[in-house]
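Generate coordinates for the entire structure from the input sequences, incorporating the hints supplied.
The numbering of the sequence shown is full-length UniProt numbering, which starts it at 1 and goes up by one.
Be careful, since some hints might not be right.
Quick list of simulated restraints, FRET-style, between CB atoms [to be verified]:
1) Arg41 <-> Lys70: 46 to 52 Å
2) Ile50 <-> Arg16: 31 to 37 Å
3) Thr61 <-> Arg13: 41 to 47 Å
4) Arg65 <-> Gln39: 32 to 38 Å
5) Leu73 <-> Arg41: 47 to 53 Å
6) Gly44 <-> Asp66: 43 to 49 Å
7) Asp20 <-> Leu49: 14 to 20 Å
If you are wondering where the hints come from, they were derived from the structure by calculation, not from laboratory data.
All of these numbers come straight from a predicted model, not from anything done at the bench.
Here a beta-carbon is modelled for each residue, glycine too, at the ideal position from N, C-alpha and C.
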Amino acid sequence: MQGPTISPVFCKRDGRVAADYYAVVICVPKKALYKSVQQLRAIGGSGVLISPLTYIFDEETPRWRDLLAKLGL
Numbered sequence: 001m002q003g004p005t006i007s008p009v010f011c012k013r014d015g016r017v018a019a020d021y022y023a024v025v026i027c028v029p030k031k032a033l034y035k036s037v038q039q040l041r042a043i044g045g046s047g048v049l050i051s052p053l054t055y056i057f058d059e060e061t062p063r064w065r066d067l068l069a070k071l072g073l
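This is the structure we're talking about:
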């Protein structure tokens, strides 16, 4: 996996757009979940949302590479 992804969160305040907050997306194994949440909170993370990954589409799957190799491509 690649990452993390860090994106500014834009808010409108007093008629101006400001990016005072950031959203961070990371992928961690389930067994590292609690420790990851603790570390995010230790550096000032205020809200943590957790979603299970149902599908992961790599840039190029191992099966695809194997097929290309067998075909000599």
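Each hint, compared with the structure:
Remark: the range hint 46 to 52 Å for Arg41 to Lys70 is upheld by a beta-carbon distance near 48 Å. As the Cβ distance of Ile50 to Arg16 is approximately 33 Å, the hint placing it in 31 to 37 Å holds. In this structure the hint that Thr61 and Arg13 lie 41 to 47 Å apart at CB holds, the actual value being about 45 Å. Separation of Arg65 from Gln39 is about 34 Å and conforms to the stated range, judged on CB atoms against 32 to 38 Å.
Distance hint check: the CB atoms of Leu73 and Arg41 are about 48 Å apart, consistent with the given range 47 to 53 Å. A C-beta distance of roughly 44 Å is found between Gly44 and Asp66, which places it inside the suggested range of 43 to 49 Å. In this structure the supplied range 14 to 20 Å holds for Asp20 paired with Leu49, their Cβ-Cβ distance being about 19 Å.
Violated hints are absent here; each numbered hint is respected by the structure.
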